[in-house]
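Got chain A; can you put chains B, C, D, E and F with the ligands on it based on the hints?
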Amino acid sequence: MEQIQCGDTAFILVSAALVLLMTPGLGLFYGGMVRSKNVLGTIMQSLIMISVVSLEWVYLGYSMSFGPDISGFVGDLSFVGLKGVGAAPNPDYAPTIPHMVFMIYQCMFAVITPALMTGTFAERMRFAPFLVFSVLWAVLVYNPICHWVWGAGGWLKAKGVLDFAGGLVVHLSSGAGALAAALVIGKRKGYGKEGFMPHNLPMTLLGTALLWFGWFGFNGGSALAADGIAGVAFTNTHLAGMAGMAMWVLVEWFHRGYPTTLGAASGAIAGLATVTPAAGFVGPNSAILIGLIAGVGCYAAVSSKTKIGLDDSLDVVGIHGLGGVLGTLCLGLFASKAVNPGGADGLFAGNSSFFMTQLFGVGVVLVYAFVVTFILLKLVDAVSRLRLNVEDEVQGLDLSQHSETAYN
Amino acid sequence: MEQIQCGDTAFILVSAALVLLMTPGLGLFYGGMVRSKNVLGTIMQSLIMISVVSLEWVYLGYSMSFGPDISGFVGDLSFVGLKGVGAAPNPDYAPTIPHMVFMIYQCMFAVITPALMTGTFAERMRFAPFLVFSVLWAVLVYNPICHWVWGAGGWLKAKGVLDFAGGLVVHLSSGAGALAAALVIGKRKGYGKEGFMPHNLPMTLLGTALLWFGWFGFNGGSALAADGIAGVAFTNTHLAGMAGMAMWVLVEWFHRGYPTTLGAASGAIAGLATVTPAAGFVGPNSAILIGLIAGVGCYAAVSSKTKIGLDDSLDVVGIHGLGGVLGTLCLGLFASKAVNPGGADGLFAGNSSFFMTQLFGVGVVLVYAFVVTFILLKLVDAVSRLRLNVEDEVQGLDLSQHSETAYN
Amino acid sequence: MEQIQCGDTAFILVSAALVLLMTPGLGLFYGGMVRSKNVLGTIMQSLIMISVVSLEWVYLGYSMSFGPDISGFVGDLSFVGLKGVGAAPNPDYAPTIPHMVFMIYQCMFAVITPALMTGTFAERMRFAPFLVFSVLWAVLVYNPICHWVWGAGGWLKAKGVLDFAGGLVVHLSSGAGALAAALVIGKRKGYGKEGFMPHNLPMTLLGTALLWFGWFGFNGGSALAADGIAGVAFTNTHLAGMAGMAMWVLVEWFHRGYPTTLGAASGAIAGLATVTPAAGFVGPNSAILIGLIAGVGCYAAVSSKTKIGLDDSLDVVGIHGLGGVLGTLCLGLFASKAVNPGGADGLFAGNSSFFMTQLFGVGVVLVYAFVVTFILLKLVDAVSRLRLNVEDEVQGLDLSQHSETAYN
Amino acid sequence: MKKIEAIIKPFKLDDVKEALNEIGIAGMTISEVKGYGRQKGHKEIYRGAEYVVDFLPKVKLEIVTEESKAEEVVNTIREAAYTGKIGDGKIFVLPVEEVVRVRTGEKGREAI
Amino acid sequence: MKKIEAIIKPFKLDDVKEALNEIGIAGMTISEVKGYGRQKGHKEIYRGAEYVVDFLPKVKLEIVTEESKAEEVVNTIREAAYTGKIGDGKIFVLPVEEVVRVRTGEKGREAI
Amino acid sequence: MKKIEAIIKPFKLDDVKEALNEIGIAGMTISEVKGYGRQKGHKEIYRGAEYVVDFLPKVKLEIVTEESKAEEVVNTIREAAYTGKIGDGKIFVLPVEEVVRVRTGEKGREAI
Ligand SMILES: Nc1ncnc2c1ncn2[C@@H]1O[C@H](COP(=O)(O)OP(=O)(O)O)[C@@H](O)[C@H]1O
Ligand SMILES: Nc1ncnc2c1ncn2[C@@H]1O[C@H](COP(=O)(O)OP(=O)(O)O)[C@@H](O)[C@H]1O
Ligand SMILES: Nc1ncnc2c1ncn2[C@@H]1O[C@H](COP(=O)(O)OP(=O)(O)O)[C@@H](O)[C@H]1O
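Residue numbers (numbering that gives the first Met the number 0), protein chains in the order written: chain A, 0 to 407; chain B, 0 to 407; chain C, 0 to 407; chain D, 0 to 111; chain E, 0 to 111; chain F, 0 to 111.
Chain A extracted, bound-state conformation (with noise of 0.2 Å):
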């Protein structure tokens, strides 16, 4: 234990609870896009995860994602309970700091990831079953996912694949969830009938500004010491963001003659999510560029889904799905070792095989999410009905859900 830093375990620390507030932050940012009668439900759907993912990492999940290594798949039941995970640090992850702080960083991470897929099944699916499926999805989806890319050990990443913060592991497992349960659940009543307009966008924007706060210690903490590579993370984080709010403000006020508010939280998030895998190992004009892209690329993603007809309610598919697509490609362009020697030079250094390294990752992973979600909502519709009968869904989740008005 002498080497454990306390810089490094007070930035991993804060940066944890960074993350923490992410999840809230989130459901604020949808539950300010839902109709007032939704909010509560809404907001609630990030909320439990806490409690929900928190159990489940204790008892299984850190245990699957980080503990010793079954032949590149998943780690073993060593750490279940947190047996062993204390004061020590795990020279596998995190040499200066608290194993246990880093267990709990991590866990912030599960949390937030079936929240963000909420978002998609917005405004009709009944609590119940919304659960059940998100313990399983925790404990089918993101735990493989996560060892194979962050495991020691995992198979992904002994191929080579990167991902700094969660471009993989976060923003596509959830983005290519969102698809298939957008697929699986169908379309809210009246859908493109009404308008669904956003009940309250000020607390919308409030939630776009918790989670750029959070993102600075989802991605700077993603160092996992308080160094240069945090630095570079970080700066890049703020970068992309601040670039993708640009790009997608500039977008639509080319292509619909006004720059909105919402388009520039949309742009933020989908800047953030996309230097997510890239933030430490590019240098900041990449930053820059990986924001653009994913302010335009997101965009175009976001105003073509009507046409397709998905009811991808809040935009977890073209904002984090692709936004986890083009931030692990984009890595495998931008990437540098001149930024981070621990990282890999990218094809715009002169190194291909890597990008189609990340390329296979991305494959891997949406192919697997998004089929695992699907059978697994299906399954959980089978034994209890995901969607919220007629009735219900006019009323509203927060009457019909939870008994609760949020307005009075």
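I should point out that these hints are in silico values taken from the structure, not numbers from a laboratory. You can take every hint at face value.
Using 25 Å as the maximum straight-line C-alpha spacing, the simulated BS3-like pairs for lysine-lysine come out as follows:
| no. | chain 1 | residue 1 | chain 2 | residue 2 |
| --- | --- | --- | --- | --- |
| 1 | E | Lys33 | D | Lys16 |
| 2 | E | Lys106 | E | Lys1 |
| 3 | A | Lys192 | E | Lys84 |
Just chains B, C, D, E and F with the ligands now, with coordinates in the frame of chain A:
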């Protein structure tokens, strides 16, 4: 000063900022639950504590609490006006950070404690006597209890009573005070007849998020260093919060047929409050248990208050008071020197005397805080009526006390 | 790079995150005070500064401000595109943290400064010319002043002018700019006839909370290390904030008969702004005095603005402008080398020349920022009308500029 | 058929509703309105300045009832909404020519 | 001239508006109201206790139209707002003596 | 007695109120409503898609007054609310059979 660690200093400074944020966070938590005509007045009662108590802290409180001990009962006046409180550490409390950093961190605890109490007399107390009462309470209730439990030489500390981050000093003192306050001030007009439904639950959920986030600084920072103890305290905080949330929601679901979002928020706060005294002294599995106990215990307390006709409007007694008691006693059960060698072993580690010590601590703080608060309120009321007159209560705090309207 | 301290790095990274949060916090602070038809546009004017100024900062501003000095006036273009700004510290500014961390921390200051100004022309400026003006202002006002005061070789710095965290660079520059802006853009339609009551004061209080929280990073982080100076700057920030809040509330209570919550918020911001230049150079008792002076001074300024008929809509001049002046001069009075050997002694320590130096600094920044802002606005207005036409002003920023509605 | 519109103080709503229930009125529609009248508006303070707010929050009740019951309804509201202070409000009685229940298509007194 | 006031379920507003458009009604005014009637209020849970909320959200439509069109309007609303469940709402018809269009000063049927 | 209902543009409220004060009208009740008419709704953008919002914010004034004053009230509102653009609104006059002041029990013109 050579021994100052910048990592520890960074951690406690950030923790102090986090704890400061809890006070307006509490204002929002409470503000969302009152009727819209009272929201500003309710937030104000928390916010203004920052001024009132910080002033008292600099010119009296800090010295009474942490100044050189006078026969175990109170600190002397050496530190009044922060004399001698500078960059050099105070080895009695935190040898690796500047004394001033310790002082300001503790200031934030002193600020939030009387703010917690305001939930009990929400929507009906006049502002001026409220201020007078709060100063007196800080001086005569908070400072002594703080010294007894945390001050070098404090008599409860000397007896072996442990309180990691404020189960006794913060939660039980305010919870017992709240009981006295609810009795003295009486029920709101219309109590039992009208519903008093919360006017803005998303505001309460936002408050919950800020409280949870801040609690990491509250409990984690109470290690006064960024070390393994801080890591375990941080982890336990999160785990008890999520377990409290899970349990309250489940019990309510079973009992009333619906899992509510306010229940989730309440359970989280119950879990966070209850683990506070134990955070750095127990293992994570114990913390989860503590959270579960808090969830069911506080639910039972809160839902039975109507039966005894106590208008503890926002449930300070049932959540913070009971949380403080349960947490302090649970520490007596679950404490483990294996987790923190500077702590103790509890009943389940075979040390029943420690449990009795904790029980004694609970008794002392409960009785002292209740009695002194009761007398103080009666005195202030005699000099200047505490309660709004009926017209003002009907009109609401915002207009009658502050000449403002929250929403236009 | 051996000299990088992870504790200092952790502290400045977290501080940078805190300062970033202030910009949307400011958006909410302002947003709550405008009419509901303008809330999105108002928040947007803060939010979009993150994109606009961060881009400018990377490709110009940082180098102009902190690049190698050209005759005391401005930095050269060495750092454009962040060339050479990497993990190695820049010993001129912060020898124990990566240069990139210093750069991104300073970026957050550059972002919020023009955002502060938006309060003065709230509810009536067109979005496109606002963007153009903001870029020009960052380049021609912020960057030079920043270099003069903080840049290695800056001429005001060389003269001995001190500004710990931005009394001149941030608050006075934006406050003086705001004065020019209020004059150029003119009064809102209905000014003096209608009330323009704040549409959502809890939003403003939330903004206040986020600002206060962020200010710990703003002032504390300006020590650029987690040391005793950071501790005193942090403490002073808190103490001046709470003293400003106390004073404003008291004066208002005396003057108008009621202590308002918006008064509490305003006084807090006044205290926080005013202590900014002095935070790391004075002792805590001085900080409290500064807060008290800010509370009464800014109250007087704000409540007399109606008399001179200036529509400084959200009181940027009266709070940030005056705060910057008062704080910089108070530093001239209260500065003490006993607190910070790297600082100065002020008038009350017998050093009247330092006070004159500060007065000189105030004069230079005030005149420069006022004049250049005035010219810039007139120029932009000539090219592209700054002001909304009447119909758009009646309809509100949200619909007319962004084609959105805040609440549905 | 008559329509009775009453503008009352918001905190009197519960009392009025109960009183109406007691005389067998089981249907009504309410809305939040703002009133302007003899009752002086209140002052509000905004950043050190005082503003007079003229419009005060009121609740408007609308009750459609048979001709024969109208007077009883008016009296009942009057008593239950009464505080004796300025601003207690007004009651208006308007003629109604037809009433239809959407669910059943019933008309007239059956529809109420 | 007649004024038709309809209290309907909020989620039926779009249907009613469309149906009215089809019969050539191009002007109306709506407001959010709360209704009390046969339809039972719902329960809400607040910190472990149950409360009954009597007043349910409804939408009120106001349409002024010529005498000759009134019946058609009433029937159209009835059909479009119908669900068959309790709480579907009511339609009231009131006499109107004069109508003025602010913009032009037109009166009577020209003003609608 | 007459009841005058006027639907006007929200930003005209202050002007109308003042104009009514000048002719001695000291009581009125207002509410926020949404209007649908000739005035085209505006477009709003939501995540890259355009939606048309049909219902525009309007203010509804209700003033009960003596028969003899009704016309003056109507004219006054007309003038004060006038901008000449589509959407200026409508004024309706309805008969009122009885008026009661809650505070005093006064009826008829005394009650206004
Ligand atoms: N002539 C009127 N037309 C419509 N509403 C009125 C009229 N006069 C008063 N009101 C309504 O009645 C409320 C109470 O009236 P006010 O004159 O303040 O007191 P009082 O009813 O005691 O005379 C007002 O706030 C307003 O809503
Ligand atoms: N007598 C009445 N006067 C005014 N509004 C009424 C009256 N009765 C019912 N309403 C309105 O009609 C709505 C529906 O009435 P309700 O009795 O619940 O169902 P139904 O219309 O199916 O009989 C109520 O919520 C209320 O808004
Ligand atoms: N037939 C009607 N019944 C009730 N309200 C109407 C009617 N026609 C219009 N209104 C109200 O008047 C407002 C203005 O009407 P509109 O046709 O847009 O413009 P104008 O009054 O200039 O003809 C509408 O928004 C609506 O609130």
